[in-house]
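Undergrad: Listed below, chain by chain, are the residues.
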Amino acid sequence: MDNDTLSFGLEISLIGMGVVFVGLLLVTGAITLMRRLDERWQAAERQGEAAALTAAPTIDSTTLVLLASAAATMVAGRHRIRFVRRMLPGEGAASAWSVTGRAVLQGSHVMSQRPRGN
Amino acid sequence: MDNDTLSFGLEISLIGMGVVFVGLLLVTGAITLMRRLDERWQAAERQGEAAALTAAPTIDSTTLVLLASAAATMVAGRHRIRFVRRMLPGEGAASAWSVTGRAVLQGSHVMSQRPRGN
Amino acid sequence: MDNDTLSFGLEISLIGMGVVFVGLLLVTGAITLMRRLDERWQAAERQGEAAALTAAPTIDSTTLVLLASAAATMVAGRHRIRFVRRMLPGEGAASAWSVTGRAVLQGSHVMSQRPRGN
Amino acid sequence: METLKDFLAAGALGNLSWGNLGMIVAGLLFLYLAIRKDYEPLLLVPIGFGILIGNIPYAAGMGIGIYEPGSVLGFLYQGVTLGWYPPLIFLGIGAMTDFSCMLSNPRLILLGAAAQIGIFGALWGALWLGFDTPHAAAIGIIGGADGPTAIFLASKLAPEYLGAIAIAAYSYMALVPVIQPPIIRLLTTRAERRIRMKPNRPVSKRMRILFPVVAFLLTAFIAPGAITLLGMLFFGNLLKESGVTERLAQTARNAFLDSITILLGLTVGASTQASRFLTPTSIKIFVLGAASFAVATAGGVLFAKLMNVFSSDKINPIIGCAGVSAVPDSARVAQLVAAEEDPTNFVIMHAMAPNVAGVIGSAIAAGVLLAALR
Amino acid sequence: METLKDFLAAGALGNLSWGNLGMIVAGLLFLYLAIRKDYEPLLLVPIGFGILIGNIPYAAGMGIGIYEPGSVLGFLYQGVTLGWYPPLIFLGIGAMTDFSCMLSNPRLILLGAAAQIGIFGALWGALWLGFDTPHAAAIGIIGGADGPTAIFLASKLAPEYLGAIAIAAYSYMALVPVIQPPIIRLLTTRAERRIRMKPNRPVSKRMRILFPVVAFLLTAFIAPGAITLLGMLFFGNLLKESGVTERLAQTARNAFLDSITILLGLTVGASTQASRFLTPTSIKIFVLGAASFAVATAGGVLFAKLMNVFSSDKINPIIGCAGVSAVPDSARVAQLVAAEEDPTNFVIMHAMAPNVAGVIGSAIAAGVLLAALR
Amino acid sequence: METLKDFLAAGALGNLSWGNLGMIVAGLLFLYLAIRKDYEPLLLVPIGFGILIGNIPYAAGMGIGIYEPGSVLGFLYQGVTLGWYPPLIFLGIGAMTDFSCMLSNPRLILLGAAAQIGIFGALWGALWLGFDTPHAAAIGIIGGADGPTAIFLASKLAPEYLGAIAIAAYSYMALVPVIQPPIIRLLTTRAERRIRMKPNRPVSKRMRILFPVVAFLLTAFIAPGAITLLGMLFFGNLLKESGVTERLAQTARNAFLDSITILLGLTVGASTQASRFLTPTSIKIFVLGAASFAVATAGGVLFAKLMNVFSSDKINPIIGCAGVSAVPDSARVAQLVAAEEDPTNFVIMHAMAPNVAGVIGSAIAAGVLLAALR
Ligand code: NA
Ligand code: NA
Ligand code: NA
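Residue numbers (my numbering), protein chains in the order written: chain L, 1 to 118; chain U, 1 to 118; chain Z, 1 to 118; chain R, 1 to 374; chain D, 1 to 374; chain X, 1 to 374.
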């Protein structure tokens, strides 16, 4: 086994370890920097949270609209809301399509409250 | 850019919109027709439902058989049923193979009630 | 349709059924043998179980360590444990990576009990 | 106007055939049986809708059809033609099946062996009808009453008949409640059908873990041609029973199995284009398939009676019918027929043993045929 | 030292270009819009991160890049280039969508037809800008506001513009809340926007089961080119509604749909390498795409007003905007615009009808273009 | 009789070899370690059973074997040979991993860098044993203690040794509880092992969202060869942390990850056919692999001691062993060794930082080797 190979191996080892360290040092530095910025942001956040606690909506707008519309239809049709279905986690994720699913799903529940065939 | 292309574009646009409208009109018509038929069927259904409420089985035949067989084995072996496991939704779906799973699963529960090694 | 084909068909049928029977007979034999051995093992087991009932840990070591470490951190930081999250079955399976997930997840819960930004 | 003409020529009306209409009706029938009659819906709904998709007439060259190069359906159909859907389905099935019925009553396994006579009966019949040997073997495997096994073997030995063989296998599996009872009644006396069997013995966790490993080694050594199917079946079962890989078993029997089932059913259905499917050969295949189910049922039942000659601990011959597999329908058939004679006699737990043994038996038979004819 | 030089030459710094930097900024913008503004996150997060992956500069020949033979990204990208991701996504979408809004108010379906004018408007514009016909058709389909349909058609008619077309389609779908309201207000009077519509009628389970089968047969017969997309959409919906295949529908709309969405979004994003993506053509495509969305919205709204001329039971023309699909965002836009005028007026349930009808309409249009130009 | 002879000749008995028997015993050992000893069961059960499947003897030509064209196993094995299973596994791992341990204590990341010395130590040893450079690099990566990274690099640089490299990597990952403790004790004083570290600081949601994006850009710019692995890892993590794509993350870390894990483990196991696997080279590879784990462990521990020289805030050098990754086993080893000295000292949360950093470090190293040698 000749020396060139080994020296090449040495060279690539040095480069390799060098790049690994440089790369992870950059990550370390970036994290440290981000933490600094984050401290400030968090201050702002804490105040925001205080406000949020009073203001923040607990369900997304679509659902809200739907429940409202459901309620409205109820009233229009003089019916009571039998139940409001909780979202399953799977569905709960803000998937455009699952929202559809939910939208129309809930809609149809609303509808199905009305006496059949009228 | 020559006229042929544009006229071809016009032609394909007309055909395209035409087909889209024809297709969706057919769907609209079909739905309207289906609604008509459905009205009648529903009448029949409503009576059926009334009957069903009293008659309808709440678990599928296999499960029924299995519970019965479980019970039978219990009696035969003079044991009490410790629990009857509810189907999980995943398993609950009428999959041929999951039914197997359930069948034998429940069976083995029954068996495992019997004192070991006899 | 010539005789060779049919005789070949007969031959392959005999071989086929033969192999199927030999194969499943071997399985039958193996099971019967295993049952024998199992009887003995079970005897040993039953005693083991008795012991186990008193000794057996109900959560895996990592989780234990983590809860302890959580607790430790609590004490260190003079905080109370607000909750200990139950593993979900999916995560619960002893997946190396899900254990990580759990490990660090719980760790971060522990951390997030500490007042922000200190 | 040219364009409009071309478009209409490319359209359904320009390519309509009676065959397509017939197949569409067949597809609707499948959907009806699945949804209203609850015949194997997880298989018949995808297959039925696939038949509709495959028989909408159109002009070739759009890259739509399942047999057109570069089409999406053709791409998904490769799982069938290259034969890798079936083993993946067996993986999920293994992760779902509890073999303890077999473990607690091993001698019943032999009923699952006897029922494989249906395979070779149909094979012989096919030779007699003039099919060449590989094709005859692929047709015979319909008698195994296992969709995946049938598709796997057909994809290797008779690709040109794959559609007919798969549809026949799945159709008759859905129809076991119709096919088997008369045969059972014909071959058994009332007294035999009233035989009560001892309840099953318990099975330890250790046995359940050892079984898939031991059974795989034994069967694969005997019939290496079955390595792919049996390997996946027993691997899936080990994932289920090992107790340390539950999350893998969960995925294998749910998301994984369902995804493959959807794609396999849909593409098998779509492969039944009238022009290729409606042939005299297909009719022969369906006739042979029906015969193979009948022979298999008879084989299982008669072998049970034979075993009773030599054993004092009697077997209720009804459960022999479960040896054809078609899991779990044929085991349910056994229970229903038994209940007719004595509503308090529960044979389904015993019937599950030949039922799952029949799956292994068919896979072994497929391995032998593959080894001998490939 | 040679090695070090080579390594640096192979590295990012050795291959950096302003284009890459620009695209990386664009990718970060996508992520910002998705995560902070919640614009279609399930699409924009994968696409945005994919843009980052696709624009890290490197020396060719390492088998890394999505366009390099044998690369992993290239392998995953085949689902896009061969066009089989989109139909599989439609399968999941079908298993997720409830069509009863359409069934309870069928005439609203026509709004979904009218909005397809955006497709052909953009097609014509593209011809006018000098694109040849197949490319123009692929660009026009952006107006369908359906990512999968756009990718499917582009992969067949204009593979070289696939990236730009897909990114344009998804970007504008995310931007409907910005694009549509002004157009709606421009084309409708305050009185029209305050129109209240009758609540929907109930829909029986039977109707829901029959619909996907009937609708598939009708639309596929009219436009066989749409068989692949519509077949998967309605098949998925039948799995959902049949009541006997719930476990398949579950998998189709969850694990199955999510997996394909991840891979499609990531690879579409990664296909936007600056060197290929930042061209004058891409800019033209984005301009035409914006126009097509505007035309489509106008088409839906104006057709609603037209229908009101002939019908006593008035339609609130706002919901015409939902005909472009971009489900369900455009339906939500309709609701929000309506609520501005009258907070107690809930049109979203009505808007869902043209919304889902628009998906079918775009697929039909794609089928026509495929049949005429392939 | 001919047929019978042929059949037996095609069978296991006709092709039995001591090598196969030896490998079967090895496979059973893997299953025992996984099921009874709970050593990485999610990897060793599929690999162990795969070894059984791959070593059932049979006659070639049946299209069964993983190396036979057109076989199902060969088809599934492409995910390994083309190297696309590993990145998909990294996607799921990213969606499962919480990096906040690293974020709350960034300097510990360097321990994950130091441990990569094991890779280059083994590389050098391999060159010294006469392997050519690409092969030596592929063998060295075993020291990364990351199955997917090892398979990915080996598939590009040393396909012929892929099986041995993968099996070695996974075996030693399962054996870290055996390999590491003595080395740790050898290199640390009792006092050092009793060092207590400050509890971690909290990490905000924003940091968790920014991290995958920033870390990907930095590392990918430095080592573009790692784009595929790091891109998938950080993309998966963004899906998890973004808060708006939870359903995608759910699928990625469950059904998606499990499915790929099953197929990768099974096919890697099946690729160990005795005739190809039992060679002197494989033995060399296993020896070098063991050495690389030892060197990597030592590297991590010694670097921690080095850092203590320059920092007043002391690190418990035990956690250096976690830098080899093998997540999370080596972090658990650190905890156990620490608990021996002081049962009330909990270092596992700190050990997780170098543990996950080691994954990134190995991917970077793989990227460098790929760029330099491909
Ligand atoms: Na069978
Ligand atoms: Na549309
Ligand atoms: Na590592």
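Certain hints may be false.
Stated by the list, open to error - The calculated lysine-lysine pairs, modelled on DSSO-like cross-linking and capped at a C-alpha distance of 30 Å, are:
(1) D/205 x D/284
(2) R/37 x D/205
(3) D/284 x D/198
(4) R/205 x X/314
(5) X/284 x X/37
(6) D/284 x D/37
(7) D/37 x X/37
(8) X/314 x X/198
(9) R/37 x R/198
Rather than coming from a laboratory, the hints here were simulated on the basis of the structure.
Undergrad: Take the hints in turn and mark each one as holding or not.
TA: Verification of the hints:
For the hint linking residue 205 of chain D to residue 284 of chain D, the alpha-carbon distance of about 47 Å lies beyond 30 Å, and the restraint is violated. A distance of roughly 16 Å separates the Cα atoms of residue 37 of chain R and residue 205 of chain D; the hinted pair therefore holds under the 30 Å criterion. Among the hinted pairs, residue 284 of chain D with residue 198 of chain D is inconsistent with the structure: their alpha-carbon atoms are about 43 Å apart, more than 30 Å. Distance hint between residue 205 of chain R and residue 314 of chain X is unfulfilled; the C-alpha atoms sit about 49 Å from each other, more than 30 Å.
In summary, the hint linking residue 284 of chain X to residue 37 of chain X is supported, as the alpha carbons are separated by about 27 Å, within the 30 Å threshold. A hinted pair counts as satisfied when its Cα atoms are at most 30 Å apart, and residue 284 of chain D with residue 37 of chain D qualifies at roughly 27 Å. With a C-alpha separation of about 49 Å, the suggested pair residue 37 of chain D and residue 37 of chain X falls outside the 30 Å cut-off, and the hint is violated. With a CA separation close to 9 Å, the supplied pair residue 314 of chain X and residue 198 of chain X stays within the 30 Å bound.
This hinted pair does not check out: residue 37 of chain R and residue 198 of chain R have alpha carbons roughly 34 Å apart, beyond 30 Å.
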